[in-house]
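Chains as they are written, first to last, in this note's numbering: chain U, 3 to 292; chain D, 25 to 161.
Because the hints were derived from the structure by calculation, they are not lab data. Every value quoted in this text rests on a predicted model; they were computed, and no experiment measured them.
Facing chain D, a subset of chain U residues (Cβ under 8 Å, in silico): (1) Glu189; (2) Gln193; (3) Gly199; (4) Lys223.
Built from N, CA and C at the ideal position, the CB exists for glycine as well.
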Amino acid sequence: MDLTSQLLQKHKKRILEIWMQNQLADVMLRDDLMTNDELRRQSEELLEALARAVTSGNLDNIYSSDYEQITEILSDISITRARQGFSPRETGMFVLSLKQAINAVYEQELSDKPAELYREISTINKLLDNLSIITFETYIKGREEVILRQTDEINEISTPVIRVWEGILALPIIGTLDSARTQIVMENLLQEIVNTGSSIAILDISGVPAVDSLVAQHLIKTVSATRLMGAECIISGIRAEIAQTIVHLGIDLSNIKTKASLAHALQLAFSMRNVEVRKINRTPMSGLGR
Amino acid sequence: MERIPILKLGPFLLVTIQIDLYDRVALNLENDLITMVSKTGAKGVLIDISAVNIVDSFMGRILGNIASMSRIMDAETVVVGMQPAVAITLVELGLTLQGVHTALDVEKGMELLKTKIDIQYGSLDEDEEEGPDDRTD
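I would like the entire structure built from these sequences, with the hints used as guidance.
Below, the structure written as structure tokens:
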């Protein structure tokens with residue numbers, strides 16, 4: 003058993019105490035996200051695993067099987083922290099503050115042997131740096147998983163095709179239109195046109211934050227595909243800023259029917275289908291289509 | 025040699041494509057159809073492609089060609105029943121078939137052809153009894 007692991011085993015308790023003190027004293031302590039007991043449990047588990055891994059004498063290669071357990075624990079901790087909403091700094095500090103605790107204990111123990119102190123500290127520093135890199139990797143991986151899941155959810159819920167009238171479909175688009183979403187929107191819309199035999203589709207873009215040439219291109223594609231199917235497409239919900247951008251970018255929408263609001267688009271759709279909506283005096287609340 | 029039947033229906037020609045169009049068949053169709061238009065003096069051509077699942081740029085071009093040729097011969101072309109996948113493919117290929125009229129199904133395509141011809145010639149004599157067509161409201 004070499005000196006590093008001996009020291010670690012012997013002073014485990016003290017290191018843990020100093021480490022916990024450091025963590026609890028940190029102004030960035032998030033006791034709203036995690037209780038102190040939980041933090042203590044995690045810290046103890048990690049230190050235990052570290053002490054065990056170091057016993058093997060392998061202090062360089064953290065990808066060997068000796069460190070399997072500790073990387074697993076670290077991954078667990080950082081993924082949970084990513085989901086709980088810890089910042090990257092807080093997650094990184096968790097491992098880095100262990101380094102400080104170990105260094106402090108070593109300094110006391112080896113104060114009379116500077117050469118060994120230097121060697122031990124640099125070994126442990128290297129090891130913990132590697133471990134904190136792993137923490138970061140998994141933290142980011144955890145975050146990316148969250149983002150991917152949310153993207154999927156948005157894609158699933160954000161393209162409803164609504165049947166507003168017999169033969170008239172409406173499709174409110176909310177959020178930015180990229181190629182992948184346009185594909186989904188287009189497929190949903192065309193399939194719904196076939197299913198319902200509708201001849202008019204209203205594409206409402208009031209929920210689209212900005213229209214650049216790419217988004218416009220996607221809109222034009224959708225409109226062309228709808229036309230090929232034999233249905234007409236009306237684009238509604240064009241705000242003033244969007245109209246300005248479109249003209250400044252030199253995008254030609256003159257072949258496409260555009261309306262300022264969904265209500266106007268619906269009115270146009272009604273007149274295209276020879277439908278009239280009017281008020282009946284007897285029952286003032288109901289509008290009746292004929 | 026496979027050929028696609030062209031049916032005469034009053035002043036219109038009806039073509040229903042029920043096989044996958046490969047190049048030779050498509051070329052033959054183009055030929056036959058234009059010959060038929062000139063022979064019968066048809067005023068409209070209706071092409072039903074609801075059974076076509078695969079389309080390539082050549083087929084898209086043939087459809088466009090048929091429409092342009094028919095226009096020169098004074099006949100309107102309506103393509104009906106295009107599948108969503110086919111429509112998306114054509115758009116991605118950049119073939120938006122400008123100048124070709126489209127409709128959801130044969131019934132609606134027929135109506136569309138009738139109104140198109142109405143606008144050109146006024147009411148078609150015995151074919152149309154629905155009265156004058158003024159849908160300008």
